[in-house]
Amino acid sequence: MLTVATGNKAVAAAVKQACPSVVAAYPITPQTEIVEQIAEYVTSGELKSQYIPVESEHSAMAACIGAGVTGVRTFTATSSHGLHYMHEMVNWAAGARLPIVMANVNRALGPGWNIWAEHTDAFQERDTGWLQVYVASVQEAYDATLMAFRIAEHESVLLPVMVNLDGFLLSHSMQPLQSVDIGDFIPPIHLPHAIDISDPTSYGTLTGPNDYFRLRWDIERSMRDSVPVIRETQEEFARRFGRKYDFVEEYRCDDAEVVVIAMGTLGKEAEVAVDLLRREGLKAGSMRIRWLRPFPRIDLSGKEVVVIDRDYSFGFGGVIARSLAATEGVTPFSVIAGLGGQEVTYDDIAGFVRGRRPGEELWFGVNGHV
Amino acid sequence: MFEVRIHSRGGQGGVTAARLLALAAIRDGKYATACPFYGAERRGAAVVSYVRIDDRPIRVYSQIRHPDLVLVLDPSVMEVVDVLQGMKEGGRVLMNGSEPREMKGIPTFAVDLTGIALRERLVVAGSPILNTPVLGALAKMGIITMESAKMAIKEMFSDQRNVTAAEAAYAELIA
Amino acid sequence: MTEIPREEYILKCTSACAGCSDSLTLRYVLKAAGPETVLVVPACCTSVIQGIYPHTAMNIPVYNVAFAAAAACASGMSAAFQAAGKKANVIVYAGDGGTVDIGIQALSGAFERGTDFLYICYDNEAYGNTGMQRSGATPVGARTTTTPSGKIQVKKDLDGIVAAHNPPYMATACAAYPKDLFSKVQKALSIRGPKFIHVLAPCPPGWRFSSEKSVEMGKLAVRSGMWILYEREFGKVTINGPSKAAMIKPIPLEEYLEPQGRFKGISSEAVAMLRSQAERNAMRLKKEEEGIC
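Which chain is which? The protein sequence lines are A, B and C, in order. For the first sequence, my numbering assigns the number 370 to the last residue and increments by one with no breaks. For the second sequence, my numbering assigns the number 175 to the last residue and increments by one with no breaks. For the third sequence, my numbering assigns the number 293 to the last residue and increments by one with no breaks.
Because the hints were derived from the structure by calculation, they are not lab data. Every residue gets a Cβ at the ideal spot worked out from N, C-alpha and C, and that includes glycine. One should not assume that every hint holds.
Stated by the list, open to error - DEER-style ranges, computed between Cβ atoms:
1. A:313 <-> C:5: 52 to 60 Å
2. A:188 <-> C:52: 30 to 38 Å
3. A:315 <-> B:106: 36 to 44 Å
4. A:327 <-> C:163: 55 to 63 Å
5. B:10 <-> C:130: 32 to 40 Å
6. C:216 <-> A:43: 40 to 48 Å
7. A:211 <-> C:105: 56 to 64 Å
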C-alpha cells in the first residue's frame, strides 16, 4: 500500500509488522516520534507488544537484554546522547548474542548542544559487535528495519542490528512509503541459548581469558558470516518486494574516473552532484556505503576517490576516508562536512570533486580558520 | 523538480501544510518530499518548510535555495525574513491575505485563508487552521489536482470542514 | 512452624569466602522461590561466588548483567515472560553498591513502573567484591579502604527511598534469621508487582570479624537495634519478633561494634550518630506500626 510517512514513522511501521514481544522506549530528539508511534500502536491494539517506558536509555537496552534472553523479539530506538548513555549495554547486547534491533537517529554529540544530523554517534559504537546499516530514504528506513530483524535473528548471525537514519533530514522528512505484506519474510525467532527453566544454567558469568577470547572470536566469526546472510536477505527482499539493496549503492560508477563516497542522505545528494559533473564532462560516479559493520570491500582500483565523512575521529581523521585508505589502499581526498547538521548541497559536493586534492583533508566551511 | 518554500510561524501548521502538499502530489502519482527545517524555534517564531515535487525519486535533502513557489502563511514574517530570497526566475508567490501585494514584480496570488478558516470555524486552540484550506489554492494554481488535494486532506483529517475550506480557497484565489 | 525444603539450588563448592552470609542468604531465598525462578545478578560478590565459566554452582537460570542494569533487565525479563505467557519468578539479587549507588535509578524506574518482580538487596555495607570500598550503605564510622579513618556520612536510607514508591510489599531480613527470611521471600513472591527485601549480610573479611561469627554478628545487629526486622505490606508496617524484643530491651550498641575491626577506634561522635540513627529508625517504624504516621 502506498502511503506517506516520515523516516521515524516508517521505522515504526516496520516494527509493527515485525511484532516484537517487548519494546523498551525512552524519548530523545529526533527519535521520539518512533517510540510515540509505537506507543500508539500498542495502545490501539494494532501491535501486541509489552511496551516498557523505561527511565533511561541504559535501562532501555538493559530491558531489551532481559527480555531478549528469554528468547523473544525486542526493539528499541535512540539517538546521540541516548546511544552513548546506553553504550555499556550496547556492548552487552552483542556479547550476549541477542538479536536486538535498534533504530538510531543520527545526531551530533554535545557540547555544544546540537540536535542535528551527524554520524559520529553511531560510529563511536562501531566496535561493539553490532551490525550497522545506514539508510537514505523513508522507504529504505522501512525496508532496512524489516530486513534487520531477519538478519539479526539468523542462526549464523545472532548479533544485534542498528538501523541508522539522519536526524531531521530523514527522520522528519515525509516521503512516499510503499508498505508490504511481509508474510513469512521474518521467520519466528528462535534463540538457541534462550533461558530455559527446565535446563538451568548461568549466563554471562565470570569468564577466564581463554574462554573470553574464544567468545570474542565467535562474535567476529558471526560478523563475517553475516555478509552472505545480509546479501541473501537483500536478494530475497528484492525477489519478494521488488526493491534492491546492496552493501554499497553505486551510481554511474562503471566508467567513472572519480567517485565520491558518502553515507546516509549525503550519499543521495551526491548522485545529483554526479549528474552535474557529468554534464560538465567529468566522468564522475558516487557510492553510498550502506553497511558500516560488517564493513564492505569496495573495488576502487583505477579511480580517484573523494570521501565525505559526516563524522570525525579526533587525532585520526574522517572514519570512512581513513578506513578506505586502510582497506583498499586508496589515497582519498577526505572532506569533513555536515557535522552538527551543517548544510551540504549537491553544488557543494560537486565543488569538493572539482577541487579534489588526493591525500589532503578539507574541513568544509572552516578551512583557513585558525 | 518543483520546489516550494513555506514561510509561517511555529504553531501555524507550516509543517503540516508541507506534508499535505507532498501527500497530494504523491496521490497525483508523483514523487515528493516534505522537509521541515527544524531549528530551536518555539511557538510563534518564523519557520520554514520545504516541499519538492518531481516525476522521479527525490535525492536532494539540502534546503531549497531557489524556490519555484513561495508560500507565505503569515505575512507578518516578511518583516523579519526576506521571503523572496533566491526566488527562481518565473517563480510565483502565494500569500495568505485578502488581496495580492506588489512583490517586486513577481507574480503573486492571494487567498484569505484566515478568513476562510474563521468562516468555517476551523479553529483549534484559538488558532485558525490554514494548512488544509491552502491546498485548495495550490490546486487552483495547478501544482496539485483538486482531487488529490481533497484525498490528502481526508487521509490526514476526519473533519469534513477541512475539505469545504479547501474548496472555498480554490474558488476564492485571486491572481 | 515453617517447613524449609531440603532441595538446594545453590550447590556446594561455591567460591564464597568462609562464613559468607551472601551465599547463606541466597540459599534460603532460592529454597523459598523454588525452581521456577530466574535470578538477575549485577556485578557483586554473587557474580563470583556462582562460579567461573563454564562452571556454575547455581541450579536455576542466572542472568548476569552490568552493574547499573539489574532492575531494568528484570523489567524486560518480566515483560517477556508475560508476553510469552510463561510463569517464572524474576528475582534481582544485588549487593548494596549495585542498589543504593549505581543501580538506584533503574531500581526506582522498575518500582515506579510496577514491574512484577522481587528485588533483593543483600547489604554488606560496602563494595565487598572489589575489596571493601565505601558505598552509600556503609554506616558512619566504619573503616573501608576508601574511608581509612572511618566514614563521615551516615548510611543512606534505602528503605525510605523504596517506601516512597509505595510497593505492595517490602521487608528487611538478615541471614541470621533464615526462617524469617524464607517466609518473607515466599510472601513477597505471592504478591503481584514490585517487591523489595533488604537483607543485612555481615561480611567476615570486610567487617573484620572471624568467619564463624557471621550468624552471631547478624543477631547482634538486630538485638542492638542497628538492624530492624520488619515488613511493610500494602503500607502496613509490622515489626518482627526479634526486633520487637530489641526495642524493649536492646543490648548495648558496643556489643555489636566491638567485635568488628571496621569500627576499631571509632569516635564517640560517630557512635552517637549510629545510635541516634538507629533510634530514629525504631521510633519511625513504631509510629508507623501504631498508625500514628
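Status of the hints after comparison with the structure:
1. Distance hint check for residue 313 (chain A) and residue 5 (chain C): the Cβ-Cβ separation is about 57 Å, which falls inside the suggested range of 52 to 60 Å.
2. Under the hint 30 to 38 Å, the C-beta atoms of residue 188 (chain A) and residue 52 (chain C), about 35 Å apart, fit the expected range.
3. In this structure the hint that residue 315 (chain A) and residue 106 (chain B) lie 36 to 44 Å apart at CB is violated, the actual value being about 51 Å.
4. Checked against the hint of 55 to 63 Å, the C-beta distance between residue 327 (chain A) and residue 163 (chain C) comes to roughly 58 Å, which is consistent with it.
5. With their beta carbons about 52 Å apart, residue 10 (chain B) and residue 130 (chain C) fall outside the hinted range of 32 to 40 Å.
6. Residue 216 (chain C) and residue 43 (chain A) have their C-beta atoms about 55 Å apart, which leaves the hinted 40 to 48 Å range violated.
7. Under the hint 56 to 64 Å, the C-beta atoms of residue 211 (chain A) and residue 105 (chain C), about 32 Å apart, miss the expected range.
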